[in-house]
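Trainee: Below, each chain spelled out in residue letters.
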Amino acid sequence: MDALVNAFSKVSEILTSIVFFAPTIGGVQVPLIVVWLVVAGTFFTVWLGFMNLRGFKHAIDLVKGKYSDPDDAGDVTHFQALATAVSGTVGLGNIAGVAIAISLGGPGATLWMILAGFVGMSTKMAECTLGVQFRRESPDGTISGGPMFYLRDALALQGRGKLGRVLAACFAVCMIGGSLGGGNMFQSNQATAQIIEVTGGADGTLGSFGWLIGVIFAVLVGAVIIGGIKSIAKVTEKVVPFMAAVYVTACLLVILGNFSSIPAAAGDIISGAFTGPGIVGGAVGALLVGFQRAAFSNEAGLGSAAVAHSAVRTKEPATEGFVALLEPFIDTIVICTMTALTIVITGAWADPDASEIGGVKLTSRAFESVLPWFPVVLAVAVVMFAFSTMISWSYYGMKATAYLFGEGKKVENTFKIVFVIFTVIGAAAALGPVIDFSDSMIFAMGVFNIIGLYFLAKVIRTTISSYYSRIQSGEIKEFADR
Amino acid sequence: MATVLIGVDNSEASTRAVEFALERADAEDLQLVVAHVINWSPFSFNTNTENEERPARRKAEIAAADEQVIAPMVSLVEAAGRKASTQIRHGHPSETLIDIAEEVGASHIVVGRTGDSGLREAIFGSVVMKLVHVSPLPVTVVP
Chain A
1 MDALVNAFSK VSEILTSIVF FAPTIGGVQV PLIVVWLVVA GTFFTVWLGF
51 MNLRGFKHAI DLVKGKYSDP DDAGDVTHFQ ALATAVSGTV GLGNIAGVAI
101 AISLGGPGAT LWMILAGFVG MSTKMAECTL GVQFRRESPD GTISGGPMFY
151 LRDALALQGR GKLGRVLAAC FAVCMIGGSL GGGNMFQSNQ ATAQIIEVTG
201 GADGTLGSFG WLIGVIFAVL VGAVIIGGIK SIAKVTEKVV PFMAAVYVTA
251 CLLVILGNFS SIPAAAGDII SGAFTGPGIV GGAVGALLVG FQRAAFSNEA
301 GLGSAAVAHS AVRTKEPATE GFVALLEPFI DTIVICTMTA LTIVITGAWA
351 DPDASEIGGV KLTSRAFESV LPWFPVVLAV AVVMFAFSTM ISWSYYGMKA
401 TAYLFGEGKK VENTFKIVFV IFTVIGAAAA LGPVIDFSDS MIFAMGVFNI
451 IGLYFLAKVI RTTISSYYSR IQSGEIKEFA DR
Chain B
483 MATVLIGVDN SEASTRAVEF ALERADAEDL QLVVAHVINW SPFSFNTNTE
533 NEERPARRKA EIAAADEQVI APMVSLVEAA GRKASTQIRH GHPSETLIDI
583 AEEVGASHIV VGRTGDSGLR EAIFGSVVMK LVHVSPLPVT VVP
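Residue numbers (my numbering), protein chains in the order written: chain A, 1 to 482; chain B, 483 to 625.
Note that these hints are calculated values from the structure, not bench results. Each residue gets a CB set at the ideal place from its N, CA and C atoms; glycine is no exception. Worth double-checking, as some hints may not be accurate.
To be verified - Lysine-lysine pairs mimicking DSS-like chemistry, simulated, CA-CA at most 30 Å apart:
{"no.": "1", "chain 1": "A", "residue 1": "Lys409", "chain 2": "B", "residue 2": "Lys541"}
{"no.": "2", "chain 1": "A", "residue 1": "Lys238", "chain 2": "A", "residue 2": "Lys458"}
{"no.": "3", "chain 1": "A", "residue 1": "Lys234", "chain 2": "B", "residue 2": "Lys565"}
{"no.": "4", "chain 1": "B", "residue 1": "Lys565", "chain 2": "A", "residue 2": "Lys64"}
{"no.": "5", "chain 1": "A", "residue 1": "Lys162", "chain 2": "A", "residue 2": "Lys477"}
{"no.": "6", "chain 1": "B", "residue 1": "Lys541", "chain 2": "B", "residue 2": "Lys612"}
{"no.": "7", "chain 1": "B", "residue 1": "Lys541", "chain 2": "A", "residue 2": "Lys64"}
What the hints assert, rightly or not - Which bits of chain A does chain B cover? Going by a derived footprint, with three or more residues having C-beta under 8 Å, they are:
{"no.": "8", "segment": "60–74"}
{"no.": "9", "segment": "135–145"}
{"no.": "10", "segment": "388–395"}
Isolated chain A (complex conformation) (with noise of 0.2 Å):
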């Protein structure tokens, strides 16, 4: 097992020198990635026109079913298409990445993070509009998309198949990455930690069992994704949504109970955005890390969305872009800013240690300081929510490895059989080369949707404006009136 985990290491490295590619401006480093990511949002939301909020309301208009036909009731709605894209994204980036985010930037991370919600929700719009835009239905009536299928398909109506099978193959690779990475070791990994902190730490009952408990975790996955049940699946989605509730309601408990503070902790936020006090260099360093952790939270540019989003049911690819606007609102500007809110609020942040325990375990404490109990709940909601990431994930993972390999029962087995076998690798190794590596897949996957996404932006635009036109004069109605 050492030797397996000390591979990875190395590989781990690799890949991030190459992918965190960070030239030094002004004695900040900079990770182009990042850069790449938010000027792919700031450019979709100029592009079109500022639509993630000229098109809020009606996105929850969408999500209410006000548009939707009676006749394709029993199809999969918007609510379910961005449910199921939610409870992917929703997950230890909100609880984790966000305290990494913090303990290195500071509360002014805070701010950047918002702001990458913000711009993210253009991103997502226009990735997931494409993925409904050129998904596939087979035969069998099975539906499936995402940037593979964008990527190649459209870019060859543009002439330009050469390259849209190049970047597709890429993204595909990546992706596969992406779901062994971040969707799958990074949440065992901390799932683990959590479990083994309320156990009582490294030297308690298992302190030193973590690569037990990843055994259990793939257990339980393989069962789902291999032995194909369903219940266990059927539990987790019942119990997320709920656990999601706990989380938020927690937050708001911990910031009201600490209410004499909000206006300095408003203030660090602020402040702290242009000044920086935390410990990877000013403002910039604030800016870098909370557009970071916002991006790997909230995944927009990532193409991971345009894959669960496009089962959807609905004639107008559209729909289904505004509908993804809501996922970085949800995941980014609600649930981030409020685990944001609650380390900053508590001055968990500001411990000496801060930076050094990082993780699951900062949000923990910051919890304790007003709620003794709630690390308990908040390593089952991190068992939760790891576990329903590493579902989605494991679907995207098997999408790709599909795209690259063709469909079939072989291809996908394989596939499954490595995903628990790098669930226990990611129990069993430390944080560090774990979170480089689930970075590096992941952020890898949005040099090549993105690379598309400017191609297409022409496409993305046309059918958005086309239909948001036909929305504003009427022509296409909410079913109560027509």
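Since the structure of chain A is provided, determine the placement of chain B on it from the hints.
Mentor: Relative to the frame of chain A, chain B by itself:
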């Protein structure tokens, strides 16, 4: 000619509901609509795999309902020498039955007494109870 909507599932009580409606139809010359609602919510939480398979499953569910629920009821109706139109929908059972009743212009809904059973009914109450509570039309519950 007045229309009667008969809400059915695959229970014995549904058979009795159809038989009851047939008796009334003979006496009053009614038009019959036999409907089955597949319990489904637009706001449930699914996995990616479930979503991917959903369109195919939806078709399969409708086909199964047609074969196992609707067909036996229709043959009862035909054996009595009458005709019935049919409806199969996904949705919230009692609400969707009312929607169908309004669409087909029914003046009356007939259902069998038992639908759900056991724990579910103990917790949520039965479809029939809800229907009786909220229906804007007269409802006959056949024991």
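Trainee: Next step is simple, just say for each hint if it's right about the structure.
Mentor: Now the hints, each set against the structure:
no. : hint                  : result
1   : A:Lys409 <-> B:Lys541 : holds (24 Å)
2   : A:Lys238 <-> A:Lys458 : violated (39 Å)
3   : A:Lys234 <-> B:Lys565 : violated (41 Å)
4   : B:Lys565 <-> A:Lys64  : violated (38 Å)
5   : A:Lys162 <-> A:Lys477 : violated (41 Å)
6   : B:Lys541 <-> B:Lys612 : holds (27 Å)
7   : B:Lys541 <-> A:Lys64  : holds (24 Å)
8   : 60–74                 : holds (count 5)
9   : 135–145               : holds (count 6)
10  : 388–395               : holds (count 3)
The earlier numbered hints that this structure contradicts are 2, 3, 4 and 5.
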